[in-house]
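Undergrad: Residues per chain are reported as follows:
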Amino acid sequence: MNTLSTYLIIAALLFGLGLLGVLQRRNLIGMLISIELMLNGANINFMAFNRFLAPEPAVGQIITLFVMGLAAAEAAIGLSIILALFRKFRSINVERAQQMRG
Amino acid sequence: MNFMTEAMAQAAFWIVVGLTLAGAVIAVFPRNIVYNVLGLVLALTGVAGLYVFLGSMFIGLMQLLIYVGAICVAIVFAIMLSRPLHLEVPQRKLPKVLLAAMASCLFAIALIGVSLRTAWKPAAERGTDWSVATIGELLLTRYDLVFEVISLVLLVAILGAIVTAGFSRRLTS
Amino acid sequence: MSWLFKDPVLLAAVLCTWLPFLSMAVILIFTRHKPQLSSYISIGAVSTSLICALYLLIKLVHVGEPVEYRTAWLIADDIIIPFGYLFDPLSLLMLLIVAVISFLVQVYSLGYMAGDPGFSRYYAFQSLFAWAMMDMVIAPGMLQLYIFWELVGLASYLLIGFYYEKWSAGQAGKKAFVMTRLGDIGFFLGLILLVLGFGDLGIVAMNEAAQAQAIPSYLITASALLIFCGVIGKSAQFPLLTWLPDAMEGPTPVSALLHSATMVAAGVYMFSRIFPFFAASPTAMAIALAIGTITMLLSSTMAMATYDIKQVWAYSTVSQLGFMVMGLAAGGYFAGVFHLTTHAGFKALLFLCSGVFIHEYHSNDMRDIGKGGGRSLKIPMVCMTVGALALSGVFPFSGFFSKEAIMGVLAAYPNKIWLLAGLLGALMTAYYSFRLIFMILFPKKVDATMPHDAVHYHQEKDDKIQIDHEEAAAGHGAAHGHGSSHGHEEGHGNVFWYMAWPLIILTTITLVLGFFQHSLEGFLLGHAADAHGGEGGHGAGHYALLIAAVSMGLAGIAWAYYEFGRKGASQEGFLARLPKTQALFANRWYIDRFLRRFLDRAIYGGLTNVFTRNDRRVIDGGIDGFCLFTIGSGRLFSFLQSGMLQYNLLVMVAAVGLVVLYFVV
Amino acid sequence: MMKWVLFIPELYYVLMAVVFFALSLQRKSEPRRLYTWAVILSGVGVLVAVLSARLEGMVFFDAYRVDLYSQVFKLLLALGTFWVVLTCSELEGIDSRQHAEFYLFTFICTLGMMMLVSAVELLTIYISVELSSYCLYLLVAMRRKTDEFAETGIKYFMVGSTASGFMVFGISYLFGMTHTTYVAELMKVLPGMMTEPAAIVGLVLALSGFFFKQALFPFHIWAPDVYQGAANQVTTYIATASKMAAAAIVIRFVGFSGGESAVFIKLLVVLSILSMTFGNLVAIIQKDIKRLLAYSSIAHAGYMMIGILSMTQRGYASAIYYALAYLIMNFACFMVILKIADDGHNLKIKELAGLHKRSPLLAMTLMLGLFGLAGIPPTVGFTGKFLVFAAALEQGYLTLVIIGMINATISLYYYLIVIKAAYLLEPVNPYPPVRVDKWTKSLAIFLVIAMVYVGIFPDQFVALTEAAARSLFI
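Protein chains in written order, with my numbering: chain A, 1145 to 1246; chain B, 47 to 219; chain C, 72 to 736; chain D, 1369 to 1842.
Simulated from the structure, these hints should not be mistaken for lab results. Each hint should be verified, as a subset may be incorrect.
[What the hints assert, rightly or not] The list that follows gives simulated cross-link-like pairs (lysine to any residue, SDA-like), each with its CA atoms no further than 20 Å apart:
1. B:Lys167 - A:Glu1200
2. D:Lys1556 - B:Glu194
3. B:Lys142 - C:Leu729
4. B:Lys167 - D:Tyr1550
5. C:Lys245 - D:Lys1655
6. B:Lys142 - C:Tyr718
7. C:Lys77 - C:Tyr140
8. D:Lys1556 - D:Asp1435
9. C:Lys245 - D:Ile1717
10. D:Lys1788 - C:Val249
11. D:Lys1556 - B:Lys142
12. D:Lys1371 - B:Glu194
13. D:Lys1806 - D:Thr1404
14. C:Lys245 - D:Ile1774
15. B:Lys167 - A:Leu1197
16. D:Lys1556 - D:Lys1655
17. D:Lys1371 - B:Arg77
18. B:Lys142 - C:Ala725
19. D:Lys1718 - D:Gly1623
20. C:Lys105 - D:Lys1725
21. D:Lys1725 - C:Pro188
22. D:Lys1725 - C:Val722
23. A:Lys1232 - B:Met126
24. B:Lys139 - B:Arg77
25. D:Lys1725 - C:Phe101
26. D:Lys1788 - C:Gly189
27. B:Lys167 - A:Arg1195
28. D:Lys1634 - C:Tyr733
29. D:Lys1725 - C:His104
30. B:Lys167 - D:Lys1655
31. B:Lys167 - C:Val735
32. C:Lys130 - C:Asp78
33. D:Lys1725 - C:Phe190
34. B:Lys139 - C:Val722
35. C:Lys245 - D:Thr1404
[Unchecked claim] Listed next, with one range per pair, are the computed distances between beta-carbon atoms:
36. D:Ile1770 - C:Ala654: 50 to 58 Å
37. B:Ala165 - D:Gln1828: 30 to 38 Å
38. B:Glu194 - D:Gln1828: 49 to 57 Å
Every residue, glycine too, gets a C-beta built ideally from N, C-alpha and C.
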């Protein structure tokens, strides 16, 4: 139902799924995706509190907005570090990577 | 009629919820990274729908714009740039998956418990001003500092991405 | 600075305590590569300190009230932590002891350490020690005392570990430091408790308040017991007594200075420093008495089983420290302090004598020294015998008087078991000290062919001249010097006499100090006599006790003579016939092993291992996995595939999850 | 209406960032010139922080409070940054083409942390934390020749992102409970709500993000790897400046509970004990000195927590003092490491052998720093521990203090290993002499004096920290 606790439960589930991804994914990009899920869980919380409890409806929305912005920055940084790592491997170990394919 | 719209709204709500969770599951479980990204897109769209249900079309749109439009695209680019990534589908180790599942289940259950056991109290006076104009105004007054700092954060992110990923002009790798 | 020169006492005090520090700094910074100069700087500083200490003693000997120069170090409004100088009879006496022994040991080291590559460093550390010890002695507040107490421990660590090439020396240094620190935990906690409960760490204030019962008794008992932990650590009382014998890895002069005469006595000194405070808590006193007794008996037995000459004196030091604690804890303020004084003299003497033997024969084993002809080194031999007689409490040596004083106090105690323990201790003390003497003096077989430096020394020509010169200078030299034929190599002419002089001076002190008992008593108790109610009765009226104690000592000597001294003695001792007991004694009653096992198993082996394994798997594993990757596994991101980071995260998530769950349920 | 003067230190750091942004655009990188600029600018930064130390007031619609508490920490941050920049004369760990970016990120990171200590609004706090964290992620990943330590950056990033996910989630609960994001209102309402699970869970989750920065158990997992894997200068920065900000924000957040919840305090006690014990025990077996210091930093987070969890003014003051002490001592140790490993490699303990001959001054600095960390009087570390333990005993946490003391003793063991290497061991192969320029020399002398002076005459500093702690709750 469209109540506070429904949203909170959805948020908790998203957060939990995100955690699961962070804990068991071996792919770094997969981990990053999972972290985005966790942040979304928090965002749903903010929006829900904003809708059902908060005195000013604008505050929660603004927070959500900023969390999104930060998530974007975080993703950019995370991806660049992952890419750097990848480039390093390739530059060191192209041969092996190809061997493995074969 | 009224009943119908309500039922429709209900159904739509649950569909959105289902989409979100299904997307999240797809984002986490399959071993192919491309499916994960698609799942993420699905989940984020679902969340955007939830925001609409929570009364804010604006944030829902932003969600689509920022997350789906920016983050997911960036991730896709990263996957393209690191081509062999999606080729790798090594076997999972069962103990690790089990442990991770247990820990995250524990966490989720605990969080659900917290949200159910807490007596959430609405504020005494609830404002009704949902307009985007108010958000804009607050951004330029009360959240002025944050607004300015986030530009710095983004600057750092861009610079950092350039430097770290090795695309700097000075770096000829 | 003009305030400094207005008051000669303060000037002397500042000079006395800070010159060694200055000398340390100068040596470390400027004269590291000039060993001779370094040693002269250090000795110059400490001799000035000695003169200043004497001046202070003479100047202040008749001042009734303790003289205090202090500034308070405020942490908060209601807490007073004084720093500065406190001169009362006790601190003046101790200051003099420290200065004298430091001076003598530094002079002695000129000979003993000659040619050592770390000569400058050695003197820098000696100065560091002198500075720390003196500042500790004159501390007016417990925190200053604690701070310098730790610095003394640091100096001890550096000096024990001086022979760093020796692995065991480094280990021993660490052991000593860590073990004494273990006791200091209690000390520090006691201080914090006092700060919070009483708010003033001034020694005078503490003592007065404790006597006036201004501090609640539970607080006194608790903090006194905690502070006593510091005594246990520093003065090597049971159960932390095993570090001291190990500390003998350091150079012998260091053992003489730190581990017999001054540093280890710091615990006893601190006890007597706040004696009225302790005395206000009968529980603390009783526990201290018990610990002192156990320590004394245990370490006496240990001393009976070892053949290492320095170890014997180390155990003996522990046991005598236990004896002092007994005396103090039984209420004998003067008796304890007096024994501390005399013990500082004769134990330093014993160590320095042993140092000469070790230096000459390059062996710590008394059987080797005996076989090598240790008896031919007349001065050290005679001096050592004097020291051993003092240690055994034979009239008229200084140990006799102080032991009698403590026995008197113990006899006045209602429960006679302490007195019996004391007498037993006296018997054992005499036995093990003369066991050592006789083994050197009457070796079973003199091995004349044994190659050692002494043989060369004996053939020097010019020793007679040296000795004559010495006889002329020292009034009592004739008693020791006649006919002896030790010497030294050409060009090292001073080396032997650098070592012999301090021995002679200390022997003199040992001979005469006992007769100053009453003037010392007057000096020490004069101002505090009403506070302690005097300690009348001991020594004088107890002829039976006197005879008992002396006869115990003599019996010990006779026993030792029977087993080791007489012609055809087996030189094995009764312990050899009781192998189990001997093993028990030789292994220090397994205290060490127990502690080590406890530490190894419980802390190092158990916890660290768990953490290490976790750490290896979790944190290093990432890198290991990564290395494997570069070598051959060839999998991209294999460090993640091995799941190390995630295993880590898992722990974190599970921990937080459990916490959250706890708050929900 | 806006009192811009109050914002001057931050503005100054923005300016610095702009300068280095401009410098980073140059085609040719000139490390020497960049270094000179960085030293001068950050030196002036310290001056600015000193000059603005007495400012007070609110800016940005009460989202940003300038008071003694924040200014003290800003000064510490500026000082830490300046010191780190000063040691960058041989910035070998970073590719010389990236030096401008290195300084840029360092200064932006300092800026973020400065805002962190002043921010009194949850969103501002969150953004500031993230700003500084992002810079650190990038700095860690910057190490040159990272073949050996390539995964350091990603580990730091992953753990940090997860922790910040916790933090946002916690903040969302706090927002739901109190309906406000302002710290001042939060502190009024929250203590009355500590029985509600969401309030306390929100607080714990939010704190976990800051515990991550502080490297408190169990959020320490990044610390050893990052300390070991990052360039030496970056490690120094993380170990000193960033710890200051973490301490400041943890103090602020722990204060939210108002000491109302016994369970919460118990949790902190447990964390503190685990942190100390774990850090000290694992440190014993380390060979790499930076890794050893990482574990020691975990232990020190525990000691600092002892002061914080007393939740009295004296407790907070002692924690601030401890932070100050930790900055000086830890930096002293790291400076020595930086100077010995001037080619940017990772120093093993055994490489310290014979240091007292190669450079007596550095050896002494290292010894004093380590003794400070071990809490041996009369160094500043002893006074810090004394104050922290006294504050905890005042609240009756005797067991905790005893465990803390035992830990201090254990820690002595591994500090002594290092000191022994520096003073008592002889190197197997002679190492080249250490080059010590006059800046390093004067800095070392300053640190030695500071460690002893602040340790022996702490009264002014204690008064300062107490005033700062008072201003925390006005």
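Undergrad: Please go over all the hints and tell whether each is borne out by the structure.
TA: Hint check:
For the hint pairing B:Lys167 with A:Glu1200, the CA-to-CA distance comes to about 14 Å; that is within 20 Å, so the pair holds. Between D:Lys1556 and B:Glu194 the alpha-carbon distance is near 28 Å, which puts this suggested pair outside the 20 Å criterion. In summary, the hint linking B:Lys142 to C:Leu729 is supported, as the alpha carbons are separated by about 19 Å, within the 20 Å threshold. Annotation: proposed proximity of B:Lys167 to D:Tyr1550 holds, straight-line Cα distance about 18 Å (limit 20 Å).
A C-alpha spacing of about 18 Å is found between C:Lys245 and D:Lys1655, which places the hinted pair at or below 20 Å, so the restraint holds. Between B:Lys142 and C:Tyr718 the alpha-carbon distance is near 8 Å, which keeps this suggested pair within the 20 Å criterion. As the CA atoms of C:Lys77 and C:Tyr140 are separated by approximately 13 Å, the hinted pair is consistent with the 20 Å bound. Proximity of D:Lys1556 to D:Asp1435 is assessed by CA-CA distance (about 19 Å); at most 20 Å being required, the pair is judged to hold.
For the suggested pair C:Lys245 and D:Ile1717, the alpha carbons sit about 17 Å apart, so the restraint of at most 20 Å is met. Between the alpha carbons of D:Lys1788 and C:Val249 the distance comes to roughly 14 Å, so the proposed pair stays at or under 20 Å and holds. A distance of roughly 44 Å separates the Cα atoms of D:Lys1556 and B:Lys142; the hinted pair therefore is violated under the 20 Å criterion. Proximity of D:Lys1371 to B:Glu194 is assessed by CA-CA distance (about 17 Å); at most 20 Å being required, the pair is judged to hold.
Proximity of D:Lys1806 to D:Thr1404 is assessed by CA-CA distance (about 15 Å); at most 20 Å being required, the pair is judged to hold. Distance check on the hinted pair: C:Lys245 and D:Ile1774 sit about 16 Å apart at the alpha-carbon level, within 20 Å; holds. Annotation: proposed proximity of B:Lys167 to A:Leu1197 holds, straight-line Cα distance about 7 Å (limit 20 Å). Taking the CA atoms of D:Lys1556 and D:Lys1655, the gap is about 49 Å. The hint is violated against a cut of 20 Å.
About 55 Å separates the Cα atoms of D:Lys1371 and B:Arg77, which puts this hinted pair outside 20 Å; it is violated. Between B:Lys142 and C:Ala725 the alpha-carbon distance is near 13 Å, which keeps this suggested pair within the 20 Å criterion. For a cut-off of 20 Å, the pair hint linking D:Lys1718 to D:Gly1623 is broken: about 43 Å separates their Cα positions. Taken as a hint, the C:Lys105 and D:Lys1725 pair is honoured in the structure, with Cα atoms around 14 Å apart against an allowance of 20 Å.
A C-alpha spacing of about 13 Å is found between D:Lys1725 and C:Pro188, which places the hinted pair at or below 20 Å, so the restraint holds. Pair hint D:Lys1725 plus C:Val722 does not hold up; C-alpha atoms about 45 Å apart against a cutoff of 20 Å. Simply put, A:Lys1232 and B:Met126 have alpha-carbon atoms about 16 Å apart, close enough for the 20 Å limit, and the pair holds. A threshold of 20 Å between alpha carbons decides the hint, and for B:Lys139 with B:Arg77 the separation of about 13 Å falls inside it, so the pair holds.
For the proposed pair D:Lys1725 and C:Phe101, the alpha carbon gap of about 13 Å is at most 20 Å, so the pair holds. With a CA separation close to 15 Å, the supplied pair D:Lys1788 and C:Gly189 stays within the 20 Å bound. Between the alpha carbons of B:Lys167 and A:Arg1195 the distance comes to roughly 12 Å, so the proposed pair stays at or under 20 Å and holds. Among the hinted pairs, D:Lys1634 with C:Tyr733 is consistent with the structure: their alpha-carbon atoms are about 12 Å apart, no more than 20 Å.
Of the supplied pair hints, the one linking D:Lys1725 and C:His104 holds, its CA atoms being roughly 11 Å apart against a limit of 20 Å. Distance hint between B:Lys167 and D:Lys1655 is unfulfilled; the C-alpha atoms sit about 54 Å from each other, more than 20 Å. Between the alpha carbons of B:Lys167 and C:Val735 the distance comes to roughly 18 Å, so the proposed pair stays at or under 20 Å and holds. Under the criterion of a C-alpha separation no larger than 20 Å, the hint pairing C:Lys130 with C:Asp78 is consistent with the structure, at around 12 Å.
Distance hint between D:Lys1725 and C:Phe190 is fulfilled; the C-alpha atoms sit about 14 Å from each other, no more than 20 Å. For the given pair, B:Lys139 sits about 17 Å from C:Val722 by alpha-carbon distance, which is consistent with the 20 Å threshold. A hinted pair counts as satisfied when its Cα atoms are at most 20 Å apart, and C:Lys245 with D:Thr1404 does not qualify at roughly 44 Å. Separation of D:Ile1770 from C:Ala654 is about 36 Å and departs from the stated range, judged on CB atoms against 50 to 58 Å.
Restraint check, B:Ala165 to D:Gln1828: a C-beta distance of roughly 48 Å breaks the suggested window 30 to 38 Å. Checked against the given bound of 49 to 57 Å, the beta carbons of B:Glu194 and D:Gln1828, roughly 37 Å apart, lie outside it.
Violated hints, listed in ascending order, are 2, 11, 16, 17, 19, 22, 30, 35, 36, 37, 38; each of the other numbered hints is respected by the structure.
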